[in-house]
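Protein chains: 2
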Amino acid sequence: MPLGTLYLIPVPLADEAAAKSFTPYLVDTINSIKEYIVENEKTARKFLKEAGLKTPQSELLIHDYSKHNRDSGTGEFFKGLQVGKSVGLMSEAGCPGIADPGAEIVEKAHRMGIKVVPLVGPSSILLALMASGFNGQSFTFHGYLPIDKAERSKKIKELENLSEKNDQTQIFIETPFRNNPMLEEILKTAHPKTRLCIAADLTSATEFVQTKTIAEWQKKVPELHKRPAIFLLFHR
Amino acid sequence: MPLGTLYLIPVPLADEAAAKSFTPYLVDTINSIKEYIVENEKTARKFLKEAGLKTPQSELLIHDYSKHNRDSGTGEFFKGLQVGKSVGLMSEAGCPGIADPGAEIVEKAHRMGIKVVPLVGPSSILLALMASGFNGQSFTFHGYLPIDKAERSKKIKELENLSEKNDQTQIFIETPFRNNPMLEEILKTAHPKTRLCIAADLTSATEFVQTKTIAEWQKKVPELHKRPAIFLLFHR
Numbered sequence: 002m003p004l005g006t007l008y009l010i011p012v013p014l015a016d017e018a019a020a021k022s023f024t025p026y027l028v029d030t031i032n033s034i035k036e037y038i039v040e041n042e043k044t045a046r047k048f049l050k051e052a053g054l055k056t057p058q059s060e061l062l063i064h065d066y067s068k069h070n071r072d073s074g075t076g077e078f079f080k081g082l083q084v085g086k087s088v089g090l091m092s093e094a095g096c097p098g099i100a101d102p103g104a105e106i107v108e109k110a111h112r113m114g115i116k117v118v119p120l121v122g123p124s125s126i127l128l129a130l131m132a133s134g135f136n137g138q139s140f141t142f143h144g145y146l147p148i149d150k151a152e153r154s155k156k157i158k159e160l161e162n163l164s165e166k167n168d169q170t171q172i173f174i175e176t177p178f179r180n181n182p183m184l185e186e187i188l189k190t191a192h193p194k195t196r197l198c199i200a201a202d203l204t205s206a207t208e209f210v211q212t213k214t215i216a217e218w219q220k221k222v223p224e225l226h227k228r229p230a231i232f233l234l235f236h237r
Numbered sequence: 002m003p004l005g006t007l008y009l010i011p012v013p014l015a016d017e018a019a020a021k022s023f024t025p026y027l028v029d030t031i032n033s034i035k036e037y038i039v040e041n042e043k044t045a046r047k048f049l050k051e052a053g054l055k056t057p058q059s060e061l062l063i064h065d066y067s068k069h070n071r072d073s074g075t076g077e078f079f080k081g082l083q084v085g086k087s088v089g090l091m092s093e094a095g096c097p098g099i100a101d102p103g104a105e106i107v108e109k110a111h112r113m114g115i116k117v118v119p120l121v122g123p124s125s126i127l128l129a130l131m132a133s134g135f136n137g138q139s140f141t142f143h144g145y146l147p148i149d150k151a152e153r154s155k156k157i158k159e160l161e162n163l164s165e166k167n168d169q170t171q172i173f174i175e176t177p178f179r180n181n182p183m184l185e186e187i188l189k190t191a192h193p194k195t196r197l198c199i200a201a202d203l204t205s206a207t208e209f210v211q212t213k214t215i216a217e218w219q220k221k222v223p224e225l226h227k228r229p230a231i232f233l234l235f236h237r
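Residue numbers (this note's numbering), protein chains in the order written: chain A, 2 to 237; chain B, 2 to 237.
Take these hints with a grain of salt, some might be off.
Heads up, the list lumps identical chains together, so a pair's fine if it works in one copy or across two of them.
[Stated by the list, open to error] Below, simulated DSS-like cross-link-like pairs (lysine-lysine); rule was C-alpha separation at most 30 Å, straight line:
| no. | residue 1 | residue 2 |
| --- | --- | --- |
| 1 | Lys166 | Lys150 |
| 2 | Lys43 | Lys80 |
| 3 | Lys155 | Lys194 |
| 4 | Lys166 | Lys156 |
| 5 | Lys213 | Lys80 |
| 6 | Lys227 | Lys55 |
| 7 | Lys158 | Lys109 |
Everything labelled a hint here was simulated from the structure, so no lab data went into it.
In isolation and in its complexed conformation, chain A is listed as follows:
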């Protein structure tokens, strides 16, 4: 029996961003499959509805890979794929597997010889990089920086040096409620001529993307508390 296909389905980054997030192919895809592996069942059902799912939700088979289920193994998630059923993989926001869990599911699919098809959709990293004006020929995404103040400050210096040495954009994130202290730390630590791009609330009505030097940012510090944000450093 031929194996099914694992579709990687990005979801919106913000509320009321459906028109900015879903391609017609994505809408067709979700209407052609009935089985999903998701990070959170409740939000997954909400996204499917928002994208234009016509299948009654009661007909869907949804596997939740939240922490509890992950401990008990993901083997059962692949039973449908093994008998030829196509399955969608979705995370909580953005692209599954990118700054998000989900990669382990994809890894397992490859090991089983299952075809993996990634769909176009929103990624805050890509949107921010595009909009930063920084080098997109060479860049690193670091995820979260250390929480400890001294270590974090050391890391920021390290990223600045990496950027200069490799002519490379350095990208990182922070938990939204810690954005303000993070920004404070960057403004205190980085060189006045280093450029910093702050991208917050991407694809939402309050979207904010600006690139300035550290010296310029110091004059007027934006309020980032609890706003999903992404930071990009570039030092030439």
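Starting from the known structure of chain A, arrange chain B on it as the hints suggest.
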């Protein structure tokens, strides 16, 4: 007078991939603006038509930032933005500014205080990373590796070490007609247990994405000549 907005408009990666590439918001955006800054006028007009442009093409004002024009400066490209007109920025494939020119236009827009809005669309880097099953919490895109054989082999070893040291996915590209020698070099140089993802012809009917160990790839080498491809290395 308020300044215009610079919209960053991704374009398809392959022929006949419109339904996989364009969101409704992108279609609305191109139908609300009449001025563009593009890498290639001819392909830009083709993309606009493919996306569903209703404005007659003769009414569009298109600035081409091909090599010749770049030398003579980009100042005139911003005249519309300075008098409040919104302008779209498009490259030849994928997202403007990412593994592509365009970043200098965005950089200049930020310096002039022009609002920059990135639109969701296809990026081969992001699609490949998502589909690789590798670490998406930490990754580097290196662009092209050195052409010289000895230097390239050294670089591949370096990426392998970086990946192991930082638990980081290493991503790079090659000119399509050099893909086969590149793959040969990787298979010769990298550790048999290192995992390599090859993503070719993304979003096209012949799309190919597979992750295997170097040892597994050596048993059956795919034909990549002239196919747009992206390589991802991960060594644990």
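Checklist entry - Against which earlier hints does the structure fall short, listed by number upward? => result 6
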